[in-house]
Each structure stands twice: as structure tokens, then as C-alpha cells.
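Chemist: These are the residues of each chain, in order.
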Amino acid sequence: MSTEDIYHRPTTLSQALEALAETPFRIAAGCTDLFPATERKVLQGPVLDITGIGELRGISHGPDGVTMGATTTWRDVIEADLPPAFDGLKLAAREVGARQIQARGTLAGNLCNASPAADGVPPLLTLDAVVELASLRGTRQLPLSDFLKGPRDVDRAPDEIVTRLHIPAKATEGQGFFLKLGARKYLVISIAMTAARIVLKDGIVQDAALAIGACSPVATRLPKAEAALIGQPLDVARITGDLIEPVLAPIDDARADAGYRRGTATELLRRTLAPLTPERAA
Amino acid sequence: MTRLVIWGKTYEIQSAPGRRLSEVLRDELNLKSVKVGCDAGDCGACTVLVDGAQVCACLVPVAQADGATIETLETAEPDLAKTLQAAFLDHGAAQCGICTPGMMMAAMELLRANSTPSRREVEDALGGVLCRCTGYAKIVDAVVGLAPRAARANGHAVGVPLRRLDGQPKVDGSEVFGADAGPAEALLVRAVRAPHFHAQFRFGDLGAWVASTGVLKVLTAQDIPGQNRFGVIPPLADQPALAEDTARFLGEAVALVVGPADVVEPLDLSTFPVDWEPLDHAMTEADGPTAPLLHDARDGNVLIKGRVASGDPEGALAQSAHVAEGRFQTSYVEHAYIEPEAGVAWMDGDTLVIHACTQAPIMDRDDTALVLGLPQDKVRIVPTAAGGGFGAKLDLSVQPLIGLAAMVTGQPCRMVYTRNESMRASTKRHPGTMAARIGADAEGRVTGMVFDGDFNTGAYASWGPTVATRVPVHASGPYRTPNYRAEARAIHTNGPTAGAFRGFGVPQAAIMQELLYDDLAAKCGIDRLAFRRINAFVDGDKTPSGQTLASVGMLECLDALAPAWERALAEAAAHGNGPTRRGVGIASCWYGCGNTALPNPSTIRIGITPDGRLRLHQGATDIGQGANTVIAQIAADALGLSIEAVELVGPDTGVTPDCGKTSASRQTFITGRAAEAAGRALRAEILRHTNFSDAAVLSLAGATLTATENGKTQVIELGAANAQGYALMAEETYDPPTTVLDADGQGTPYALYGFGAQIAEVEVDLALGTTRVLKMTAAHDVGRAINPLLAEGQIEGGIAQGLGLALMEEFLPGRTENLHDYLIPTVGDMPEITSILIEKPDPEGPMGAKGLGEHVLIPTAPAILNAIRHATGANLTKAPALPHRVRAAIGAAEFEANSGPKSDTDFAETASVSGAVSVSETGTPHGS
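These protein sequence lines are chains A and B, in that order. Numbering-wise, the first sequence is residues 1 to 282 according to our numbering. Numbering-wise, the second sequence is residues 1 to 928 according to our numbering.
These are calculated hints, taken from the structure and not from any lab test. Idealized CB from N, CA, C, for every residue including glycine. Keep in mind that the hints are not guaranteed to be accurate.
What the hints assert, rightly or not - Cut-off 25 angstroms, straight-line C-alpha distance, at most; resulting in silico cross-link-like pairs (PhoX-like, lysine-lysine):
1. B:Lys775 - B:Lys305
2. A:Lys185 - B:Lys775
3. A:Lys201 - A:Lys170
4. A:Lys90 - A:Lys185
5. B:Lys878 - A:Lys185
6. B:Lys775 - B:Lys712
Stated by the list, open to error - Counterexamples of contact, computed for chain B against chain A with all Cβ distances above 10 angstroms:
7. Pro601
8. Val649
9. Ser693
10. Leu812
What the hints assert, rightly or not - Derived, one-sided and incomplete: chain B residues facing chain A with beta-carbon distance under 10 angstroms:
11. Glu23
12. Gln64
13. Arg772
14. Lys775
15. Thr834
One chain only, chain B, in its complex shape (with noise of 0.2 angstroms):
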């Protein structure tokens, strides 16, 4: 028998001893704050203390905890909890949460040892513990006791850094993640799945298996009520839920097994009885097109191509003083969000429910209906909080799984991926082998460019369609760009399906555009920032795709920038030519918010109840990004009550109406503008009852809801209730306006832009080729900060991604299918960061907000590979910059300069910035 200690009392536990204390702690003792990454010891989530030093709960078999002292965030002592909790919420230090548990777990332990820690201490004791969403700023920050940062709305919201509004349960261990959700006595769900890139299979005797083992069901393609086929694009949708008689890539699911979890979570899967025929397989885009179809009707494996044209580019580059000219070559990037993807189902009456983590909860629905052979209303679609998504959990993963076993088996059903199946299952940023050209005049102004993607998006559609559209309208980069010509293929192979993923391809093909400006500026013996000064949009300007731009702050932030440009490049002279060398690279973005040329509405509800509650439904779910308080801020401001009022109604799709997917950068802005358009709509009717102006002020003390003008009050009888159960309510729909594109893609196919640029400053060992990210400087026009401590959250986190994407991030089939082989930024990996925020409002914005949420990761990778370049010549053609692609490199950069004359491509950054560029005061810096 195993005794635990847990604040001060001993629990006899039942479990085998050699069983995860994470589990344990769980399932017996109900501590879900103990969460589950990986198993394995690589995130951290799970961290806890044991006799006050922090262990993975994951790696302790029970038996070694006996007699132990175990605390979690739940049990840990309470004043030290409080304190980190008011801590991470003050500044902004939980997004997501998933990690959030752990890392207070950490720190307790340092802080129980050294109350005043310095940041390296906080590092050192953080580092066993990975965050995907925050960039790990914040939360040093929290740790170290920095002074607050949030405030409290005074009057109004908008522009306030607030706490984010659904912040206490992440930071005390009670939110409830995918695996958090459910009956404990829920059947369990595993899927058998296939063990080659690309197989035929057949099954063996089920019944035989099934009575042997004494699971209660196996489920196959031929138990699918509906259409076996799902897909984020309909007309393309080609992916089944379980694979029939071929599977396509390594991990797709070709049947389930559903049992009692004491009788599933032991067995072993590869005694199923099935036979795999293997078959030829081909991994790259390169390979793509000469294999055996995937799919029948998609010639040459090409999914779909994407094109903008426009002028005559290649006349263009044939008059050009200057041409630089490149290929670029990404990988696989994995999500690795620290929540493997989780669910439970059941019936309700004659409808499923399913609580799951997702970014999409209404598309879930209509998939899963579809699958399953269900009406869309007898699917009920709950999400449960995401513990990160960043794209991948825009797609049905668990849902139609689920949803079939409670089906079948009249039960609750419960799935929980492991990592290894995480990794997977799940789509990846696709990889994408690149070529550019990029002309320039003698004056530095570029004449014209043409690029060409090949973008390997595995084996099923799911968003490839929307990374081939949109690479081509944004590979300029936000640029002038007369002549113009982009392609892009998405191209069918057996790897990982490659889906969305923050940019949908716009990093990888911003990573093309920006090593080429660099070319392009020592061609034209410009500065760098300078040069990109010269192209930079302009309000007034004319996209690729023939879009007039109205709200452009591109050269707000590249002025922004100019100071820390100046410095970083004198500070990296300063540290002269040892064997470690510095260097700077600046890089751009600009990001269409919403669907490409697609309809994609949002609709807000809003009401005030008979007994006088304010009650927001909020649709857009909030993955991490901030979406419950950014929404709400808008909605209050726009009806003119305070914010604390607002009660959240989460995106069930049962109780409220769509705001469409969390993607794409498009809530704030969309269901913003719904937010915003729902509030003055309840205002007016609100005011509709007075005789007042729209000047009045609103308030509303418990079921008193009071209009006052000119010193007069009036209140606002609150009669019955409707149908939503609301005396008063208004409910608005927003859809952007965009065109359809024609065959050149010309059109207007995004109804508003972000803008933005960063600099980074590296260090590089020239003889081990390691890069160390000492400072990035980032500077984003987010048209109207809606709550600057989430934007600068958002910020950070899309620099760590795009730090990893640049020097680490390599998936590889079959290969790196955990955390310790696949490598995200750690705490100890991230540099200093300071965040610009410029606000031009965009006139289409609520309150003049864009969006930022993927803006944030293109500029990362291209500036960190331009500073590796400026550091030690190294041309990079392959991204992550490993250590032993960048010694090959600055290898071959040495061999050049020593064996020929030097090359126009030498940086001519020795001339002063100062005359080129000047601080302008249409922007609004924020932040530090």
C-alpha cells in the first residue's frame, strides 16, 4: 500500500505501484491541475513537488512517492499560490494554461529557497518546462516580481491592459482542458493506427480479438454512419475518419477499440488483428508529383495551385539594375501545443454532445454531423479550453471518434491522445521548397518579382488549399511591387497532412522574400532597413492583387525601428571578428485577416436579462489568444456599460451563434466588429426607452439598468424575458467584404491588413555554428491595441515559434514524433524582447483594431536567418538553421571569400541610417 501526503493529511492509494504518480494524482485523488503532455519527461506540464523539489509527476512510479510530501497546485500552501496567482495574471503570464500549473510548481520551489531570484535563477528553475504560447517573457517576469502590469478599465475598456476575463481558472488549476472534461467512468477510446507511410490493409478476426481481450467494441470505416469523408474546404473533402482498406500516411487511424479504461489503457494495440501490405510511399514535394496519385482527379498529386499576376514581371527583371535571385527550402514544423488532443462524448436524448479542445467548434459540428450521418442540431458541440492550437486544431481530430463510440455504445466516450499519436495524427506547417527573383532600379525601388512554391501538404487536403491561395497574394512581402508573378502548388505526398499553421505558409514564403532584400540592398549599396523603407506600402498603395490598401503602418513601424537598428548595428561592429560574431537582419510582414476571398461571418449575441445580468455570448474561442477579453472589451465600450459586468457565455454550439473558427487573425477584428456593431445595437435599444441622446451614460447596479443625460435619470424597466431568456437583446452578424479573385488572382481578397517588422540581433560561433537570439525588436501596427498586455503576449509567443521555426523546428516523419527529438525554444532559449505597438486605425477594424495573432511569427524566421547572414556571410538554404547547416554554411562562405573577388552582395551598412529614415508622428508607440 502507498500512503501520499497531501497538505498535512495521508492518502492510501489503491493504484499499482508502478504507476504514474501523474495519473494518480488525477484520477484517484481528482488533482487535475497535474496535467499531461507527453509522458516522458520533455514538457514539464506535469511538474510537481515531492518532499519540495520539483519532479515530472509522469516519470515517479507511485510506489517511490510513499511516505512523500506531494504538492500541486491545488494542495500547494496557499499564500505562495495566491501570490504567483495574482503574479501570472498581472502580467499576462497565462495564456493557454496548460503549462501554467507546472511552471507555478517550479517556481515555487525556487521561490521557497530564494525569494528574490534573478532571471537566470527563474530560468534555471523554469527550464524543465515547456510554454508554447508566451514566450516564456511573461512568465519570468511573474516569477521574478516584477511590479503588475495589468490595470483596471476606468470608463472604459479598450486600450486597457486588463487581466484577461477568464484568467482565475488557469492560474489555480481548475480549468478544464480536453482531458479534464467528462465522467470519470467514461468508456475509453484508442485508435489502432498504421504503422507504414502508406499501406493496404485488412483486418483480421474482430470478434475473436475483441472476446479475447474483453474490450466491449471495435469500430471500423464500415461502423460510419455518414459520409466517411471530412474536410475543412468541402469540396475538397477527401479525408476519412478511419481510413478504408488503404492508409495513407504513419498514424492514420484505421480503427477504434472501446472498453472499460481498465480494460483499454493497458492493451497492447499491436496485437490487433490486422495486415498491412506496404506500399510505395513518397515524402516530399519534390517526390510528389512523379508518385502514384493519392487521390484520384488530382493530377501529378497537385491539390490545388494558387497564382497573382500582375504587369510583366519578367520584363521587369530584364530591365532592372539589380537582380537577386535564391532558393529556399523549409520543413515539417509541428504545433507542439502542450495538450495533446482530448475529448469526451455522449448522447443527450437523441443528440451528441462533445466536449473537446478546438479552434473551430462550428465546423467541428458540421463535419462531425456529416461523418456520422447526423443532423447538424443533434450534434452539440461544447469546447472545452485548449491548451494551445496555433492552426492544427482547426481540424476534427477526436470529435467524429468519440462522437461514433458514444453512438455505438449508448455510453459516455473518452479519448486522450498520446504524443507520440499527437505528433502524428495532427497537421504540420507545410514544408516548401522555394524560388525567387526580385529586381531593383538603381535607386533601390524593386520593379518586379516572381516567385515560385512547391508546398508538400501530405496526404489529405485539409487547409493546403488556403496555404497555396494565400502564399501567392502575400509573397511580395508589404511591398511595392509593380510586376508580379506568384505560384504556389500544394502537392499531395504519404507525409503528415500539412494543414494551417500561424500564417498558412506566409513565413515560409516571407523567409524567400526578405533573404532576397537583403541581397537586394547591398546590390543597391542601401542600407538594409533603408531599402525596406523605399518599397514599403503606403496608404493609397496597390497590392499584387490590384487592392487598393487604405490603413497601411508599415513605415510607422520600420521608423519605430530605426533607433533600435542603429544600436544593435554599432553593438554588433563593437564586438569585432572573434570566434563568436554578431549581426542584425530586419524583416517584415503584412497578413490578410479572414478568410481569403471567402465569406466568413461572425455574429455576436448580447443581453441583459430580466433579473439584470449582462451577458456576452462569445463564439470565437479563445485558444490562449485573448479572444473572452478582447471581445467583451469591444462589446462593453461599444454599449457603454463596464466591462465588469459582462458575463461570458462560451462558444457551446448549442447556446451561442457562430464567430466562425479562431484562424486566419480574424476574431478580433471579425468578431470584433460583430462585438462591436451587437453593443451599440443593445445601446440604442436600451436608449430607445429613454428620451435620450446617444451621449447618455449607462450603468447598471444589480437588476437596475439607469440611463443619464445632462444630469437627469432615467431607469430602464427590464420586462420579460424572450426566447433567449433577455429583456433586452441585440445580436449582429459582421462578414468582411472581399471579392473573389480571378485567374490572376486580382480582387480584394482580405478586407483589412496587419502590418508589422521586427529586428533581430544574434551571436554565432563561427566554429560550431551555434546561434544564440540575444534581442529582437518588434514593432506591429495593430491598428487600435485593444489590450496591449494581451498583444504584447501575442508578440512574444509568435517570436518564440518563429525563433523555432528559424533554428530548431525540424519534424521528421516517423523520426521525431516526441519532445525530446523534436525541439521547441525552452525559457533559456529566448532573447530579450521589446514590443512596439502602432496604432493606425484601419477604417473596417472595431475601433480601428487589425489583427495580429499570426503577423507576429512571419518577420521572426527571416530576420534571425538575415542576422546569421550579416554575422558570418553564411548564405542559409534550409531552415531550422542547425547547428551544422549554418558551420556548412559560414564553411562555404569562407571557401568563397578566400578563393574569388569579393561579391556585390557585401553589406553596405557602414553608412549611417540616420538621413534615411525619421520618426513619424501618425504613430502611436506603446509599451517599452
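The shape of chain A in the complex, shown without the other chains (with noise of 0.2 angstroms):
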């Protein structure tokens, strides 16, 4: 049997693991991205398929927030009962293509296939993600920004296994709402996306977490527009090109090109913000 037959589908994470040690496999989940990758009939190996292993998925509340599994597929989100933190997570949940896609589709695998337009990436920022990986050699958690380091390219070695998404409890807070912008009804690839998580206390912000997806090789957080919300009754229109644009590097692509990218921004950011406002929540 030469190596690309090799098809593992371990049950615990130990096994994976210890089989990752030994030989460096394609991680297989979902497989919503691999297979496309490819015209092949079969998955090329040696493939190590992590859906087997239970621990791996599922949603579990804690004191000290919440985590999400490695294989936890997006109907999963969905489906879970969520606090209003993750209405952004779960609306970007609905437009990863469609339910066939939503049904399969890992959040693991959609961040470890590191697309600039990868729907869940700008809500996970928002709730200030934390992805752990495991090896033989131990477990790390990162940031998610830090995790994603380019368009395909993340930060984990040929050994290790991202086995879950951690929110932490403060990131919890709030109220999430995502928006996507493409040519199309389902199945579409983003021209840009954007995701908020706002704490409101008396009408004032006191948290705000905003990002923005497929306007640079990476989503990316939006300090500066957070900063100008923060402090402040919720207003969209503190929300000004010149906070965001700089961050941005909007590339030209079939579905748009950079300068509407720019320009559109801003404009959907707001548009994002609209329906948490005090006034339109109610």
C-alpha cells in the first residue's frame, strides 16, 4: 500500500495524535474543502479523518465561557443553544454555502483552510477566539488573529490537531450580528463580510468587537472603530471610512474589485451595527 491509500479514521484523540507523530497526514473533517481541491474520486493520502473521534465535537458551556469542538459542523452552531454573543457566529453559520455544506462543514476546518473569505473567521474574532492544538508534545492555546497568519496559512505544526475553539466567558457578552455580500443567494463566495459583538450597559457601549473578512489576506479586528464606539451611546455613524480603510488590503478578484471593496466597508460595518442599536434590538 503505497502512502496516498492510507485512510485512518482513529476514535480517540490519542491515537490520532500518535499516529500524526509517526507520519505527517492531511487532517481530514468536513472535507467541504479538500475534495474540491481536487478531481480525484478518492481523498489522496495518507489522510487522517479526526471525525471519528466524539470528544472532538460538540458544544459545552463553562464558567469560564464556552468551547466549541474541533469538528463541531456549522448546523451544530446552528443548532446549539447559543448566548446572543454568537448571533453573529450562528448568521455566518447560515451562509457557509448551503445546508449540504452547513451539514458537513467543520468550524476546525474552516479556519485551518485559512481562506481570506472564510465565513466563520470575522464572527470567531469578534468573540475572541482561542484555538487549542494538541500533540504528543502537549497542548497550546493561541489567539485566533495569531493563529491565522496568511491566505492558507496557519500556525500549527505538522504534528499537532486543532481540538478546539475556546470563548472565553467575558467574549460571551453582548449581542453578535454578522452580514455577508455576495453576487449571489447561497452558495457564494463572500466579497466581503463583517461581524459585530456589542456590550451595551444604560444605552452605552462598553464592549465592542468588530471585524471584517475578505477585504485583506486575513479578517481582521478593527481596533480603531471599536475604540471610537467604546464609551459612547451606539451610533453608526461614529463608524467612519477613515477607521477602517487603513486596515484593509482589498485585493481585485472575479467577484469585485479592491476600491468597491474599500468603499463598501464601511458601509456594511454600519449596516451591521443598525440592527443592535437600543432602539432597533427592541
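Reconstruct the complex from the two isolated chains, following the hints.
Modeler: What follows is the structure, given as C-alpha cells:
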């Protein structure tokens, strides 16, 4: 058997880590990105399929926040009972492909595929998601923004598996929202997308997390725009182009040109915040 | 070992654990309702239920389905499947049928959780399955469970919204498409294709590669026994089945690899020994004329020029009260049928038999015979069901390749294009760069028009000549244009070959003309619909080609749209000037049915066997549009027997006479006329055995054929079979009366035209430039609606493709050869569509019928683009109107509005149109 034919589907994480320490497997989860990347009828090995590992799937709540297993699917997210801070993530989940993709595609797969247009990333950035990786050498955690290094590039060693995402308790506060801009409905790769999570107290913004995707090599938080909101009543007019556009590095592609992405980012972000204002939310 | 649970039974799977579930279900378990359209989760044709959840089987390694319950259309719970099948048939929800199984599986997931879903819920559930034929509306109708639309024939068949006669296999998953045909043990053929837009190539050591890979054969141009040049227009044949020395476009086939499937399928063809030397390439109609010649003797890379001229257009424009002038550019558009090209071939004695998807079996036979050096009668083409065509399956695809492989190996050989291969190798809609000027007098009468269009025809001729001749004939639109000059050039480039695509260039030209009509209406201060009504052709008008029109339903179409127009304008105005704006647009179409100024006969044979079976040899390939049903309806009524007695004999070149190609909106008209004549001839033949008049009523019950008149019944003895197997038989041919066109395009290019007009209502987001089409109202003069349900299906499907052309479809060679970068409309993009069928009989049409298939797409894009302009002032100059283009055009319009005096092109729609139009009584609107 050539290594191309190896397909390993362990049922425990330790089996998976031991295998990965031996062989530089391709890690497969929902396969909604691996299969489209090939015309072959069989996934090219060596493949380490982690979907048989029960402990890697599912969502749990604890005092220190919410933990989501690596192979949790978008459909799992949609159907989960989660606080309003996750509404943006749920909206993004509904925009991943269509129902077929949502049933198979996984959270960790979306991150490890590291597309600049990954729908899950902006809302996860607003949730201050922490990525946990495991190997036989131990586990480590790092912020999602550090894990994503560039297009198709993540901070994962060949012997590591992304095991879960952790949302700190503080980031489960507030209300989230998400908007996706595409040239058609369903099954569409984003031209741009924006996510927001706002914590309001007595009408004043206590905390603001804003992120934008598909307008730079990796999706990014928007700290200047966040700072402009904090301590003030929520007012979308505070979001101005000068706070956002310097952070962006959009490209021309088949979906839109760079100037359009730059020009619409501010508008899209304002619209993402609009439903979160007290009068609209009420 | 993987175990799958199917219909309560556990199957142990032998395939590799990483194999796509779709392949396992199709190949190992023979569940062929699972269709493979893209292998990328983009089309949803392979949608199955895994433990009750819809998934794309192409994205699931079979190991991940271990222990799961898998449901396919063949193996899903029978009651729900039967209910859905009946609903799909009753609503005309399946046209070609390739997406139908996936649609039904997605619907089943929904209906189990929610038996009374809303349209919105259905759209969410079906959003992951693409359909290219129907426009989705009838699918949603079927799933939400609206009352059935189909009716049964009642004494006569024509005019009745019958279920399609060939529908059952499409809705139960048993239909055989190109990839489903042939023996499982057939050898697999794959093509080595050029990775450059233009390159010379030289093969390395093929023998060593064959030995190292274990394939059976490698075939190149040197192995082709016949003439390695084919083309749909024989004098211009220029395309090799396998390129010789030079590849002229990205994806051109240069060699074939043939062998057992388990050897050939996993091969990495990038190891194939071929050296490429990239050459300079030209990709646009602007660059083509100055690029090195692609074909000797075609100066300036001009394949052909078309021209129609009459009167004195320059003089007329100079004297016009108003002149509108503009330029417009369109993009390559991909047909994006959900079924990639596929087929299987084998030798039956000394006859090469090819089962493949096609729109043109006889042309396939003739060109394949030419390439392979065989007499025509030694090639038999048996069309499989075609999972969509829209023009691109008129050209050869797999036929000469699998034919060559079968001849050389002596074994059955099959080939299935990948999605990438299909999008690279197949033809496209021509990109056009068009400029036009149209003049009108002070009363709004068009005085003259000058049109000039360059069309990128790509590397080979294909149907480029047809585009270059059709466009000048039609560029006036269905409007009186007394002084006229239209020229079109088809220009070679190293882009993909542009060929036939629903409308042959007319949809592009209609955009140019209809945008300028809005300008002219504004300049004249006349409502846009009223302006079109002033100029619309009426009976007896002369076309720019000098042809006198016999039956024109334009006024009837425009008048039928008038109420919707007034309502839509009022609603758009009431929407106000917020962040979104509403707009309304209108455009018309005309389209000549059949080949342009060339013969294109159809022959229909119909007979009754000695044991009383009524067989119709129906050679008009049904690619989903409904010829199998419509032609049978015409034949049955002409004969005077129940359509339920008709057995269809398919478009198999071995047993069925030539009905030509399914293109040019010609089958209902031309094959319909042949069917009408054959039906009448058989009726006369039957009545010759009686002493009854033509008023007699025929009946066929079992093997007993009777005729009854004035209370007297006579049994007609069915005698011995003739050479074709019939006791009674008729065969009739119809060829439409046309003439060649002179140097000014004057003559009778078509025997019959169809007409129509559509209104688009859109909502545009000013800041984002996104457009939502809210509603389309379409009125089409079909002469006689042979099957109103199928006619509506054509309208809705044509509108879907027109919407894609207008808003999202842009094929970029080398960049968008998949269905996630190349976007076609999903169920969520479609507006509500109201179809109005106008029946103004044409004396030349069968029972008055006119063609419809292409007409329906022509007005959609200009109506939408005009609506965007009405909403926003955005003056678009390129399709598709992607958000960034609309946003830029809105910005330019805002700048113009703020920086100068108001131009005279503002719309003048505030005036009521009620005085200008009245509802005609000659039309017969059907439907809602």
C-alpha cells in the first residue's frame, strides 16, 4: 500500500496524535474544502480523518466560557443553544455554502483552510476565539488572530491537531451580528463580510468587537473603529472610513474590484451595527 | 470495512475509505440517481440524505458514512418519493431532469420536518441545488404542494398542459444520462489538455509512459484515421478532434489516455510526456484583429462578417429629431448545464455505436464519421438524455474521442468530462463589443439605426458564423426601422470557442438596442412602453432584411403588459428615495425560428404496427425543453388518435429519420410541421381504407383500429408489416421556405418569427450596488401554445438565464472554470414570474405555433439593466452588472447629476400611459 492509499480514522484523540507524530498526514474533517481541491474520486492520502473522534465534536458551556470542538459542524452551531453574543456566528453558519455544506463543514476546517473569505472567521474574531492545538508534545492555545498567519497559512505544526475553540466568558457577553455581501444568494463566496459584537449598558457601549473578512489577506479586527464606539451611545455614524480603510488591503478578483471592497466596507459595518442599536434591538 | 445502511439493509463496501460517497453509490451500488455535476459541492446534483440530513455525496469520504443510513431517490421512503414525483410531473418541475433527484432529496429533508413549508423555507432547503433549466419556480410550486397544473388530454392534445410524456424516468431517478450509459466494464478515456492559452507542443516518450502507468493506449492526432477537422458549418470546418502541434485555447485536447478505469481514473495527467512552448495569445475581440493569425486565410482573424443594410441610415440619423448613441460590452457566458459531457462507445460489428448526450445526433454522426474515416451509415448515434444543453451540446464533445478509442481498442470506451474540463473545452456565449446609434422623429417614430458589433468567437469557428449573420438581421429589435445598417464580425482569439448559446448573439444585441430605446423615449418625452408600442412591428411590416411579416403579436404582448407596467411604475415611485431604490424596465424580443437562410428540414415517421401499436419516430432531441411531448401532441391531433396511444421512438440515428438539431427554436415549428403533415398523411392513409370523409373519428383500442362517421363504424384491417415494421405508415418532411440573403442581407432569412416582451422590477442598494430582481412579467406570442405548462417552463428558465447574464455570469478563461467562481442563479435569486401566453397564429406554424425556446431569454437582461437605470440613473456599459460595476455607475451618475444641468435623458414616466395602450382582443392571454 502506498502512502497515498492510507486512510486512518481513529476514534480517540490520543490515537490520532500518535499517528500524526509518525506520519505527516493530511487532516480531514468535513472534506468540504479537501474534495473540491481535487478532481480525483478518492482523497489523496495519507489521510487522518478526525471525524471519528467523538470528543472533538460538540459545544459545551462552563464558567470560563464556551468551548466548541474542532469537528463541530455549522449545523451544530445553528442548532445549539448559545447566548446572543453568538448570533453573528449563527448567521455566518447559515451563510456557509448551503445546507449540504453546513451539515458537513466544520469550525476547525474553516479555520485551517484559511481562506481570506472564510465566513466563520469574522464572527469568531469578535468572540475573541482562542484556538487549542494538541500534539504528543502537549497542548497550546493561541488567539485566532495569531493562528491565522495569511492566506492558506496557519500556525499549526505538522504533528498538531486543532482540537477546540474556546470563547472566553467575557466574550460571551453582548449581542452579535453578521452580514455577508455576495453576488447571489446561497452557495456564494463572499465579496466582503462583517461581524460585530456589542456590549451595551444603559445605552452606553461597554465593549465593542468588530471584524471584517475578504478585504485583506486574513480577516481582521478593527481596533480603531471599536475604540470610537466604546464609552459612547451606539451610533453607526461613528463608523467612518478613516477608521477602517487603512486596515484593509483588498484585492481585485472575479467577484469585485479592490476599490469597491474598500468603498463598501464602512457601509457594511454600519449595517452590521444598525440592528444592535437599542432602538433597533428593542 | 465500511458499512452503509440502505433501505434497512446493510451493505459492505469494498471501495477505498477515502472514495467519494457519490462514486460508491453510483458504481458499487448502482444507485445512478445520484448525479455528479461538479465534484465540488457547488451544484448539489449528488444530494443524498445521510442519517436524514442532506449532504453532497461527492464531498463525503465513504468512511465517514460508516454505519449511517443513506437515502437516494431510488431508496428513499416510497410514499414521500411518490408524492414528490407526482407533484414534479404535475407542475412541470423537471425539464432535463439532471437536478431532479438532488432537488427531491433536499425537499424530503424539509418535508419530513415540515409538511407545509412556506416558499421561503423551501428556498432555504433547496438553496444548495442548482437548476439551469426551470428557473426554479415550478420546483418550489411542487414542493410547497400547490394544486396540480397538469391536465389530461380530452379528445385533443394540443393546447392542453399535459405532463411531459418522458417525465417519469426523470422524476424517479431512472433516466439514463451520458454518464449513466453503457457497460460498467467499459474502458475509461481521459484527455490530456493544453495548460496554456496558446502553445506549441511536442510529445516525449509515449511508449515509456504507457509502460510505466499500465494504461492500454495513448492516442494522438496521428491515430485519427479520417479528416482531423470538424465543424458545424462544413465549409469552415477548422477544429481538430485532437490538436496537431499547436493548441489554440486553454483546455484543448491533445491526447487521449485509454485503459481500465482503476488504472486511468487515479492517473496524474500532469506526468504525461508533453513539452509545451507557450506562444503569444490574444483574448479579446479588441486584440484579435492585430494578433498572429489563428487560421491561415482568415485575415485579421476575422472568421466572418455579417451585414444587413436598407435605406439611408446615416441620412436618416442626420435628420432625426433625436439620436441616442451608446456602446455596450458583454462577457463570455458559460452554459453551465449541470450534466458535464459524457458518453460511451462500442463497436457493433463494423458499426460504431455512440451513446452520448447531444442536441444534434445527425450532425454528430456525420462529423464523427468524417473524423474517424467511416461511412456515415457505419456510425450510429443514440442520444442519451441530455442534462441541459442550451447550445453547447450542438458541438461534438466526447463523440469522436470515445469513438476513436473504441475503434482502436475494440472495447467499449466511456468518457465523462470533469466540471473543469467541461467549462474549459465547451463553447461559450460570444462576448460582444457593440456600438449603435438610433434616431427618432419628434413623434417618437424610429427613423434609422446603425449597429456595429465585434464578437469574440474564440479559437475555432463553431457557430460563430451563425452569430455574425443572426445579429445583423435582429439588431433592430422587433421594431420598424426604415433605414438600417448593422454589421457584425466574428473574431478569432485564443479564448474558448464561442458557439451557440440560446439566442446566437441576439441577446447581446438586444441589450444594446433596448438601452438606447430607453434613451430615445426619454429624449422624446414618451413613456417607455408607449415608445416601443409606437415602433413595434405589426402584420405586413417589412423587416430590415426586406421580409414582410405575416403574423406579429408584438402589440398584443405590449398591451398585455400594460397593466403590470403601470402598477410597477406606481410601486417603484411609492418606494421612495431611501437607501434602496426601485426601478422598472421593459424590453422586447423577436427571433427567427430555424436556420438563417439555409435549408433545415425535419422528417417525421409515424406508423401503426400490425398489432396496433402507434409509434412516433421523434427525432427532435429533447434536452428538457419538451419536444418529446409537444411533437407528440401535434402528431396525435393531426392524426386524430389519443396521445395516450403514442409510443415514442427516440432520436436514434439508426431507427429515426433526421429531425435536425435542437437549436434555433426550430423543433416546435419545423419538426412540428413535419409531425402535423405525417399525422395527417397517416390519417388519410387510414381513411383510404374506408369510405368516410375526413370528419370521421378514429379510435385505436388494443389491436383494433376503427373509424366512425355518422353513427357508422368501420374496422380497418391492419395488414402485414412493411420494411419498417408498420401495417400503416406515413413519413413527411418539412423544410421552411427561406431564401439566401444578398450582400445587404436582403431576403427571407426565416419562415417564421416569435415575439415577446418582458418587464423587470428591481430593487437596487445604492451604497452596495447590489440588485434584487423582484418580479418579472413576461408576455410571449407563441402563435399557439401547444403545451402551456411547458411553454411557461421555457419562459421561467429563459428568464433565469437572462438574469444570470444581466447580473452575475462572467466567464473568465483560466479563472472561473468551476461553479463557485462562475455563478449562475440559485433558487434564492429568482423573482416571482408571471407569464402571459399570447396566441397569434402564424400561417406557417404547425396549428399556428411559433418557436419560443430562445425568445424568452432575449428581453430579460435589457429589461433588468433598464430597470437598474430607472432606479438609480446608473448607465451601465458592461454586463454582468456585478455589484462593483453598478456601484461605480451609480457613483458616476451621482457625479454627473451634481456637476451639471439636468440632461434631457431623464425619464418621463410620470405621464400616465393609459391613453397610449389598449388591450387588444386578438390575443388570447393564458395563465396568470
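Chemist: Look at each hint and say if it fits the structure.
Modeler: Hints, one by one, checked against the model:
no., hint, verdict
1, B:Lys775 - B:Lys305, "violated (38 angstroms)"
2, A:Lys185 - B:Lys775, "holds (16 angstroms)"
3, A:Lys201 - A:Lys170, "holds (14 angstroms)"
4, A:Lys90 - A:Lys185, "holds (17 angstroms)"
5, B:Lys878 - A:Lys185, "holds (22 angstroms)"
6, B:Lys775 - B:Lys712, "violated (55 angstroms)"
7, Pro601, "holds (42 angstroms)"
8, Val649, "holds (36 angstroms)"
9, Ser693, "holds (60 angstroms)"
10, Leu812, "violated (6 angstroms)"
11, Glu23, "holds (5 angstroms)"
12, Gln64, "holds (6 angstroms)"
13, Arg772, "holds (9 angstroms)"
14, Lys775, "violated (16 angstroms)"
15, Thr834, "violated (21 angstroms)"
Checked against the numbered hints listed earlier, the structure breaks hints 1, 6, 10, 14, 15; every other hint is satisfied.
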